[in-house]
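Residues per chain, in single letters:
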Amino acid sequence: MIEGARWQRWLYFYCPLSVFVLGLLFPFYWMLVTTFRPDGELYRPWNRANYTPFWTTNPTLEHIYYLFRETLFSTWLWNTMFIAIVSTLISVFCGLLAGYALARLRFRLAGGLGTSIFVTYLVPPTLLFIPLADVIRTFRLADTPWALILTYPTFLIPFCTWLLMGYFKTIPKELEECARIDGASRIQAMLKIIFPIATPGILSAGIFAFTLSWNEFIYALVFINTPHQKTVPVGVVSELIRGDVFFWGPLMAGALLGSIPVAMIYSFFVEHYVAGLTGSVKG
Amino acid sequence: MTPRPDASARRAIRGASGSAAGLEAVLPRPGAARPALLGRLLEDERSLAYLLLTPTIVLLALFIAYPFVLGVWLSVSSATVGVAGHFVGFKNFDKAWNDSIFRTAAFNTFLYTGVTTVFKLALGVWLAVLLNRHFRGKRLIRAFVLLPFIIPTVLSTFAWKWMYDPTFSVINWGLWKLDLITTRINWLGDPYLSLISVMIVNVWRGVPFFAISLLAGLQTISPELHEAAAIDGANAWQRFWRVTWPLLLPVTMVVVLFSVIQTFADFQLVYVLTGGGPANATHLFATYAYQIGVGTGLLSEGAAISLAMFPVLFLVVVLQLWYIRRVETR
Numbered sequence: 175m176i177e178g179a180r181w182q183r184w185l186y187f188y189c190p191l192s193v194f195v196l197g198l199l200f201p202f203y204w205m206l207v208t209t210f211r212p213d214g215e216l217y218r219p220w221n222r223a224n225y226t227p228f229w230t231t232n233p234t235l236e237h238i239y240y241l242f243r244e245t246l247f248s249t250w251l252w253n254t255m256f257i258a259i260v261s262t263l264i265s266v267f268c269g270l271l272a273g274y275a276l277a278r279l280r281f282r283l284a285g286g287l288g289t290s291i292f293v294t295y296l297v298p299p300t301l302l303f304i305p306l307a308d309v310i311r312t313f314r315l316a317d318t319p320w321a322l323i324l325t326y327p328t329f330l331i332p333f334c335t336w337l338l339m340g341y342f343k344t345i346p347k348e349l350e351e352c353a354r355i356d357g358a359s360r361i362q363a364m365l366k367i368i369f370p371i372a373t374p375g376i377l378s379a380g381i382f383a384f385t386l387s388w389n390e391f392i393y394a395l396v397f398i399n400t401p402h403q404k405t406v407p408v409g410v411v412s413e414l415i416r417g418d419v420f421f422w423g424p425l426m427a428g429a430l431l432g433s434i435p436v437a438m439i440y441s442f443f444v445e446h447y448v449a450g451l452t453g454s455v456k457g
Numbered sequence: 000m001t002p003r004p005d006a007s008a009r010r011a012i013r014g015a016s017g018s019a020a021g022l023e024a025v026l027p028r029p030g031a032a033r034p035a036l037l038g039r040l041l042e043d044e045r046s047l048a049y050l051l052l053t054p055t056i057v058l059l060a061l062f063i064a065y066p067f068v069l070g071v072w073l074s075v076s077s078a079t080v081g082v083a084g085h086f087v088g089f090k091n092f093d094k095a096w097n098d099s100i101f102r103t104a105a106f107n108t109f110l111y112t113g114v115t116t117v118f119k120l121a122l123g124v125w126l127a128v129l130l131n132r133h134f135r136g137k138r139l140i141r142a143f144v145l146l147p148f149i150i151p152t153v154l155s156t157f158a159w160k161w162m163y164d165p166t167f168s169v170i171n172w173g174l175w176k177l178d179l180i181t182t183r184i185n186w187l188g189d190p191y192l193s194l195i196s197v198m199i200v201n202v203w204r205g206v207p208f209f210a211i212s213l214l215a216g217l218q219t220i221s222p223e224l225h226e227a228a229a230i231d232g233a234n235a236w237q238r239f240w241r242v243t244w245p246l247l248l249p250v251t252m253v254v255v256l257f258s259v260i261q262t263f264a265d266f267q268l269v270y271v272l273t274g275g276g277p278a279n280a281t282h283l284f285a286t287y288a289y290q291i292g293v294g295t296g297l298l299s300e301g302a303a304i305s306l307a308m309f310p311v312l313f314l315v316v317v318l319q320l321w322y323i324r325r326v327e328t329r
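From first to last, the protein sequence lines stand for chains A and B. Plus 174 on top of the position in the first sequence (first one is 1) and you've got my numbering. So in my numbering, spot 92 of the second sequence is number 91, and the numbers just go up one at a time.
Since the hints were derived computationally from the structure, they do not count as laboratory data.
Here are some chain B residues the structure puts well away from chain A; computed CB gaps all over 10 Å:
1. 97
2. 178
3. 223
4. 228
Which bits of chain A does chain B cover? Going by a derived footprint, with three or more residues having C-beta under 8 Å, they are:
5. 181-191
6. 205-216
7. 274-282
8. 291-300
9. 327-333
10. 382-390
Short, incomplete list of chain A residues facing chain B, as computed with Cβ under 10 Å:
11. 197
12. 437
13. 440
Note that the structure is predicted; figures quoted are calculated from it, not measured. Positions of the beta carbon are idealized from the N, C-alpha and C atoms, including for glycine.
Start from the sequences, fold in the hints, and give me the full structure.
Rendered as structure tokens:
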């Protein structure tokens with residue numbers, strides 16, 4: 175437990191921690207309140223006497239209705255989900271194979287390839303989006319989900335490879351060697367012994383990759399123009415603002431609902447993140 | 000599948016003799032049927048490795064390496080949307096260098112990265128130390144603290160934009176109620192204040208990442224070291240600087256360098272909060288490249304502006320690789 179007198183505990187521990195937690199969570203609370211606040215209350219200047227910021231006396235669902243009836247929000251949700259799932263599957267598949275090869279097999283270019291994959295992990299999307307848009311046009315992928323499904327793995331694969339490589343290194347080599355002495359081929363040992371043991375690592379790589387592709391913004395902004403093809407972040411930014419007018423109610427409702435799938439996945443992620451980091455072999 | 004004792008024997012020999020790659024060669028056995036070729040290829044370490052790496056290499060070559068080369072070409076050409084363009088040498092870089100907005104963007108990017116990194120590190124270490132204690136509801140608090148990092152940045156940034164709204168700002172209301180201000184603060188409309196407002200959001204979003212990564216580092220430090228130091232008479236402050244901090248340094252370095260890359264190349268926060276305004280006061284490299292390259296369609300100039308980030312990013316990546324090597328070989 176925390177040592178020291180009661181006032182010390184408050185001063186050095188509870189007070190700073192509460193300030194941190196309040197500060198970090200307040201914007202989400204603000205999103206929530208705004209979502210359910212009627213327009214009449216929403217657009218009331220901050221120095222007006224009846225400004226009641228932290229709650230609302232007559233909550234409303236009008237912003238959520240507006241979002242689903244008047245905008246393409248449900249389409250964007252579906253697009254984002256589809257793109258995130260497919261690009262995650264591709265990335266985990268590639269990362270799994272590449273991670274195994276780099277962690278377990280000896281070949282001449284292992285060091286060089288490992289380093290270059292790590293370096294691509296550090297390449298930020300903003301460095302390449304202009305030429306990449308050109309590449310996408312050349313391949314006639316612009317304005318299709320495939321523009322994103324094929325480009326998201328560029329930052330997801332390096333991440334998955336790196337994470338799974340670390341995970342494979344924690345699995346004792348003896349397990350594989352036993353299987354091979356018992357007559358399994360290299361592929362069989364990989365598929366039937368190593369990959370099942372790596373399941374927690376695969377899961378955390380997948381969950382992380384899913385949240386990363388759900389959050390991606392600049393590629394989706396540049397490669398997609400048709401409102402029907404947009405993802406949630408881009409749709410909210412470009413379609414809920416008309417000129418200079420911000421519809422704050424629907425905007426906050428969109429931000430809230432667009433965050434919920436990730437937040438739900440995250441509740442699993444908390445455990446698997448730790449499991450992925452400290453993964454150990456059972457049995 | 001038939002048992003292959005020879006393969007495991009080879010492996011055992013290799014294990015014993017370190018890197019005897021010469022033993023790798025698979026001798027063709029008489030009478031081996033055609034389908035066995037695939038089996039042999041998969042059994043051979045090298046060919047299997049290249050096979051497993053093929054999908055990754057193809058995707059990364061197509062969508063990272065090729066665009067990079069193309070980007071370098073674009074930056075020294077006169078291409079615009081729909082026009083291929085021709086070689087113009089360093090004209091685009093020259094133009095950018097003499098462009099006052101580009102200079103502001105460059106200055107902003109360095110300032111933005113430097114200031115936010117210092118704050119993220121300081122607050123992140125503090126929060127990590129707090130979260131490393133044992134208290135009721137620890138798991139829940141840790142899970143909640145990471146939310147700003149998990150929630151899509153663009154969406155949470157909108158909440159901030161709404162909180163910064165000149166007319167309806169809840170922050171202004173709070174400060175006003177506390178008697179700290181008498182007139183409104185124009186968070187995003189004031190050219191001097193707007194970059195600070197963007198920095199605040201960046202710090203808010205970055206602190207959880209620092210805190211949780213550093214917390215993982217803290218948990219590997221044995222509490223016995225602290226107890227020993229305490230017995231020797233070190234106070235909490237001394238224990239942190241003499242015991243915790245040196246042991247935490249490797250994790251800190253990796254986290255900081257990673258965050259520097261992300262912050263230096265940041266786009267979303269500025270794009271949503273200010274769009275580079277007011278009067279181009281808050282542009283970063285990435286947002287200005289977007290405005291020129293996508294907004295006005297001057298592909299070559301946009302590519303040159305975003306490539307201007309490359310030298311710094313390259314340096315940081317080299318530094319990071321060097322540091323990781325050094326830690327690993329120690």
